[in-house]
Each structure stands twice: as structure tokens, then as C-alpha cells.
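Q: Sequence:
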Amino acid sequence: MEWIYGLNAEFVKEVKSLGVTVSGAVNTGTQVGFDLRQKAELKDVSILDLAGEPVHAPWMRAWETPGLWLCVNNPKVRAAYLDALKQMVDLGVQDIQRDDPAGNVAALNWGACFCKHCVDEFGRYLSDKPAEMKPVTGQLPGAAFNYREYLVAQGAPVGDAFANYDGGQLKKLFGQYQEQSTIEFHRWWREELNRYAGRTITISANVVALPNDKVAQEFDFWLGELPMRLATPEGLKSISRQARGRQILTMPLHTSAPVEPLSWIALTRRTLATAYAHGMLMEAPWDTYLPPPWADRHYGDPADFADLYAMVRASSVYLDGYEETPPEGTISSASPTAGAPTEVTVPDAQVYAVTRVKPGDRAAPVVVHLVDWADEPHSFRLNLPAHRIFSGRPFRAELIVPKTYDAAAHERAFTSGGYEPLVERLELPLAPDGGLVLPPLHPWGILVLSRSDLDKTAVPAGKSNLP
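Going by our numbering, the sequence shown opens with residue 1435, and the numbers climb by one from there.
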């Protein structure tokens, strides 16, 4: 179980008894002994604006008790944060998810942080750059340079408006300093936590494919909240290219316009299938936080999603070790790419196809993931370059699709570890030109192309090797 706040020993023990690992969660507001009702203590640990007032992230301001955004340069905060992490290790977590990893870098967008620790350290940071700063301030700033006082004298805006303030080279350097501070903070607590635990603890972060974000690179992989605008074939393809195998997604989060429940479930199913088609993972839509204006939580019904996760487990042999081959997913009936050995074309703009092969294993089945993004799926024809697949050797085609959800059958599969009974395998006749007629997909099918001259029993199936 991933990304869990409020852990206690009883809960962790119960989850582990099911053979499931537990992942804790921390964020920029993790607190140990901080009383947010006391403004003096709040100001002592929070990021501060130019007026010396606590700053809350925009999405936290509407909460009954606005969320806390701690300063990574504050010694008191650092000690409390590390203590919270150590408590998770003591509870027995396997790994930890870091929420809001941008820390003080994100705070710049809200006019922070100008606490004493940030201002003093920035002065020392500038002491290494006197030549760069003389044209800006008219002096050679050193450790005594107070950037907050300088900005106040310049009439810089307080709060969110600071994001658009033209602070020139000095503001740019302040941003670089806060980025460096945030990176150093993450490296520090990870090293300390590993030392305390006596092992290397895997740390993920709430990020969606930001390869140019230096802070994001400090984490082992990304478990990020998927914006609704990226819940498309093109958006998911882009994420997979940028993440390069490091991305896990949440269900699409609607933050700008209401979405009907049924259409939202359908979108989530298509997104889930397409994510796996691109070699990514998607956490089960359960207890998922929805940002404002809803600020609610979504508890998915197994009947809406469990059939797809069962197919993942039943088909793991066709997922593990596979990589995409050109064309890297196509959603059109465009002509095949010259020279590509396993390109496919689908004469239906609603069906998304991704071809995957096992590098270095020419005898392994070729797998084509097919996801129908239509509201009303229907049968369609798939065109394959038969003369290119397996160097022209004969092959057969088998379509794997999920069976309709049955609670009792899923319970038996969970108990036994055998998920094969939860999927259907359909042998499809192959036309001489490489054409196949496929049934309607709801929304996902895995087309397995296997060499006819090899023993079919050589391809393992049945039990999942997933945790």
C-alpha cells in the first residue's frame, strides 16, 4: 500500500499480515510537536513572506486549518522532519513517498521564504559571487547582506505577486540558492535516514515527468498526481518518454471542470490501460485526494477497476522485460514506418496501439497493446506487417482481455495467487495480408503474437509474479 499518512503499528501489522508492504508518506508540512494554533510557533517553523508572515500553499488556504509549509533551511524543522521519518522506519515501512518535494523552490511562487535562516544563508551564498553582484547592488555583498531588507526598500510586492516581480539577477540567484538548499535538504535527510535504518530506503516523490527539474532527480522514482489534461494517449505517451521507466500515476484528477462519474470512471480505465501499455504503472483508484474546489477523496469500487488489474497480474509475463519498438504508439491509420519490424496500423482513430518486444530475445512473443478510447467501442480491423514479424516466419495471434468482474472469483485469485481464470484468451485467425478482426475492447486488449514453430507451452502463463 502506497502513500499512506497517519500510520500506526496496528495498521502496519494488519497490512503486512496480508503479504503486502506498506509505504509511508511525508510532505512539506510534516510536523512533530508543532502547535499550529499558536501563531508564534507557526512563524517559527513556516516559510515567511517579506512582511514576516507565514505563507500557505494556495490549495491549502481553504482548509479549516491551513496546511503548513516548512522551511528546509530551518534547523528546528529539519530535526522534526527527520524524527518523523525515523518513526516511520520504526513502524516497519518498506519505502516512503515524499509529497510536495519542491519545498522552498515552490515557495518562491508565493513570495517566500524570507525567514532569518534563508536570508542569512543567502548572504553567505552571495559572498562567493561578489563580481556578479556589484552591478546589481552597487556593493560587494557578503554574509551581512540582507536580501529581505533590500527587497522591502525596493518596494517589492508581498505574497503571490512576488512571482511576477522583476527582481533581475539578484532574484535569479535567490532562486538558484533555494533550489540548491532544497536539493541539499533532500540529500541530507536521505543519508541520515539510511544510516538510521541500516539500509537504503527507496524514496518516491509526487512528480509527473519533470526530467529538467533538478529537485525531482533526487528521488528513486515518481508517484505523481496525473492532471486531467494529460489523461490522453498523447499526454501519457509524452510522460512515458520523459520519465524513462520511473513513473507511477494516480487516476486523472479533475481540477478545472466537473466530470460525470461514469465518464470519469471510463477515462480512468483508459488511462490505466494506456499507462501499462507504455510501461508505466498506475496506483489503484482508492482513497485518492482530489484537489480544490472539491478537496474530497475518491474511493473506487472494485467492480470499476479490478478486472484490469487482474489482467495485469495474469499477463505479467508479457509486461515484464518488454520495451516499446517503433512506431512508439499510434492512434491513426497512417502508413507504416519504413524499416520498423513490428509497426501496426489501426484504421480507427479511437483505438490506440503500442507495440512492445523483448530486447535480445527474437523468439519471445511480440505484444501489441490495444486501448479503445471510444465511448462506444466496436469491432475493428488491425493491420500487421506479417512479412516483417519474426523475419517472415509463421505466427499465431491470441488476444487477452479481462473477464467481467466477479467478486468471488477475484477473492479466489487473491488467495491462490492464480489470476489466469480472470482473463479470456481468444485465438484470432490471421488473414494472408496480416489483417485481424478484433472484437470490441472494454477498453484494453493485449494481442500476443507468437511463433507457430515454437511449442506454445514454452510461454509461461497463469500465476502472477507481481507483489
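Hints are not guaranteed to be accurate.
[Stated by the list, open to error] Quick list of in silico lysine to aspartate or glutamate cross-link-like pairs, EDC-like style, CA-CA up to 16 Å:
1) K1671 / E1758
2) K1510 / D1478
3) K1510 / E1475
4) K1648 / E1613
To be clear, the hints were calculated from the coordinates, so they are not data collected in a lab.
Q: Looking back at the hints listed earlier, which ones does the structure fail to meet?
A: No hint contradicted; all consistent.
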